[in-house]
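Visitor: Protein chains in written order, with this note's numbering: chain R, 1 to 356; chain U, 357 to 546.
Calculated directly from the structure, the hints in this document are not laboratory data. Hints should not be assumed to be uniformly reliable.
[To be verified] To be clear about the criterion: a stretch of chain R counts as covered by chain U if any three or more of its residues have a C-beta under 8 Å from a C-beta of chain U, and this derived list gives those stretches:
| no. | region |
| --- | --- |
| 1 | 53 to 67 |
| 2 | 113 to 127 |
| 3 | 194 to 202 |
| 4 | 209 to 223 |
All C-beta atoms in this analysis are idealised placements derived from N, C-alpha and C, irrespective of residue type, glycine included.
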Amino acid sequence: MAGRATSLDWSEVSASYSRLLEEVGRRMRSSVDLRAEELASRFGYLTYMVIRYREILGGLDEVVELLEAFERPLPKTIRVNTLRFGRVDEVVERLERLGYAFSKVPWERFSYVVERSGRVSLGATHEFLLGGYYLYRGSASLIPPLVLEPRESDRVLDAAAAPGGKCTHIAQLMDNRGLIVATDVSRERFRALRTNLERMGVENTVAIRMDCRRVPELFGEYFAKALLDAPCTGEGIIQLDPTRKTKTTFEDLLSAHRRQVELLVATLRAVAPGGRVVYSTCSIAPEENEFTVAEAVARLEGVRVVKPEVGVDLDPGVTEYFGVELPRELRLCGRTYPHRQGLEGFFVCVLEKVGG
Amino acid sequence: MKCVLGGGEVFAHVARLFGEEALGAVEGYTPVYCFGVFTEVYLLKEPLLGAVELVMRSGRVPYFAGLYAGRLRSSRPAFIPSHILVEKIYRHLGRLVRAVRGSEAGIKAVLYGRDLLAESATSCYEPVELGDVLSVVGPDGRVYAVGLSRISSCEELGRLGRTDTVVKTVFDLGWYLRGGTVPREVKYRL
Numbered sequence: 001m002a003g004r005a006t007s008l009d010w011s012e013v014s015a016s017y018s019r020l021l022e023e024v025g026r027r028m029r030s031s032v033d034l035r036a037e038e039l040a041s042r043f044g045y046l047t048y049m050v051i052r053y054r055e056i057l058g059g060l061d062e063v064v065e066l067l068e069a070f071e072r073p074l075p076k077t078i079r080v081n082t083l084r085f086g087r088v089d090e091v092v093e094r095l096e097r098l099g100y101a102f103s104k105v106p107w108e109r110f111s112y113v114v115e116r117s118g119r120v121s122l123g124a125t126h127e128f129l130l131g132g133y134y135l136y137r138g139s140a141s142l143i144p145p146l147v148l149e150p151r152e153s154d155r156v157l158d159a160a161a162a163p164g165g166k167c168t169h170i171a172q173l174m175d176n177r178g179l180i181v182a183t184d185v186s187r188e189r190f191r192a193l194r195t196n197l198e199r200m201g202v203e204n205t206v207a208i209r210m211d212c213r214r215v216p217e218l219f220g221e222y223f224a225k226a227l228l229d230a231p232c233t234g235e236g237i238i239q240l241d242p243t244r245k246t247k248t249t250f251e252d253l254l255s256a257h258r259r260q261v262e263l264l265v266a267t268l269r270a271v272a273p274g275g276r277v278v279y280s281t282c283s284i285a286p287e288e289n290e291f292t293v294a295e296a297v298a299r300l301e302g303v304r305v306v307k308p309e310v311g312v313d314l315d316p317g318v319t320e321y322f323g324v325e326l327p328r329e330l331r332l333c334g335r336t337y338p339h340r341q342g343l344e345g346f347f348v349c350v351l352e353k354v355g356g
Numbered sequence: 357m358k359c360v361l362g363g364g365e366v367f368a369h370v371a372r373l374f375g376e377e378a379l380g381a382v383e384g385y386t387p388v389y390c391f392g393v394f395t396e397v398y399l400l401k402e403p404l405l406g407a408v409e410l411v412m413r414s415g416r417v418p419y420f421a422g423l424y425a426g427r428l429r430s431s432r433p434a435f436i437p438s439h440i441l442v443e444k445i446y447r448h449l450g451r452l453v454r455a456v457r458g459s460e461a462g463i464k465a466v467l468y469g470r471d472l473l474a475e476s477a478t479s480c481y482e483p484v485e486l487g488d489v490l491s492v493v494g495p496d497g498r499v500y501a502v503g504l505s506r507i508s509s510c511e512e513l514g515r516l517g518r519t520d521t522v523v524k525t526v527f528d529l530g531w532y533l534r535g536g537t538v539p540r541e542v543k544y545r546l
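Bound conformation, chain R alone (with noise of 0.2 Å):
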């Protein structure tokens, strides 16, 4: 499994990012053995994806934990949205008459668990479609707006908004204070962004269709704080798209991670000094992860990681991989894994710029 160990720090990375890759990639295709194989075409994955699960987790059987929980349906999550309805109960209690049942989010105030469905489907409520909650498909995706800490005098920038569950969250967490910049490129999901905002009566927030790497551009370092909640492979939501499963190559992954990285920089680069900037995706591939920050940090100068604070049990992040070793400060970010944390598997890291 692991070869000769190649160490890097932070500076040695952004050169070497792509040669790094490469010898992951060499050393994940030198790994494969009977026992991935079979595991493999016993869930229906691509075998390359096993065999990077079991770097990762250390051993075939946790892999086997992994695989089998992404075969259970994730429970459903809601965020009762009180920039609609002043109290909390009272959106639960409503629900609650059309037959559904609940358990609370024991780490966001404003969060439950489906337990029971009722009546008439989530999305479809009077509730639902007066803005009184977001539904999310794990609660996993609450995550990076706790961890970005947002104030009410804040400026901050949503990287890559819509549909709009973090972008709304962020509003809430402000009292529809400060100023929210979401961008997004996709016209599709930018709609959907739009009719988010509308209906959850989110006011502190400026919807501009752009790519966020031109923001630097537009707005320099205009923001105290950014989430970029990168598109990425969905690596970790196998859950609710089983076709994940195989329609991603290791190349794929590549071209991902060069994508993030250049998404990243520009985050970080509209963020003023002292400023903080959470990254966050729903993958637990380190390509896309671990790798995505490595080198983006390497890039720019004055940028550290800093461990998040919140109330899930968070896994470290990874800094060994295939023999290839990344500075031991990203073991700040965190990891969640459906086997362990019962979540979706997510990755979420809080950087913040030196000065200020």
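Given the coordinates of chain R, assemble chain U onto it according to the supplied hints.
Guide: Relative to the frame of chain R, chain U by itself:
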């Protein structure tokens, strides 16, 4: 598409429709008018102004900003307020005006894009003008639709037949399910 910051037109419409007192609900907001296929009006709080000015100076326009106030028209009704604005005004006033309260069954029909009929109208709040804006409020006091009045006063309600239309729905919240992401945002069916 072009946007212009500032100008009091929307406030004049708010005062005309809901009374001078309603202006308190939009105090401190600056309007931005965006002219495209429709003239859309947004209301911005102070922290948003700098960002919107930067965006507009760069030759871009915001896709959405602040509080969506509604749509300006060249014919009557000259202004169709958004349900969010109407609800904000009702909260500020502490009472309903230009509204009809609908029964549970009536609200259900309205959310399917149908009009509110007399049999489903449980109460009515003046002023009401034929052909002008009238909101549909649910038993819970929430605004479920904004439409055009088919009656010229609340008194007329008692004289209508069961299936006569009271409010011709222009926008209802069911749009968020039916058409929230469709390419042409013809939310206001006029």
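Visitor: None of the hints should be skipped; say for each whether it holds.
Guide: Verification of the supplied hints:
1. 53 to 67: Violated - the region 53 to 67 of chain R has 0 residues with a Cβ nearer than 8 Å to chain U, which falls short of three.
2. 113 to 127: holds (count 3)
3. 194 to 202: With 6 residues in contact (Cβ-Cβ under 8 Å with chain U), the coverage given for the region 194 to 202 of chain R holds.
4. 209 to 223: holds (count 5)
Of the numbered hints stated above, the single one contradicted by the structure is hint 1.
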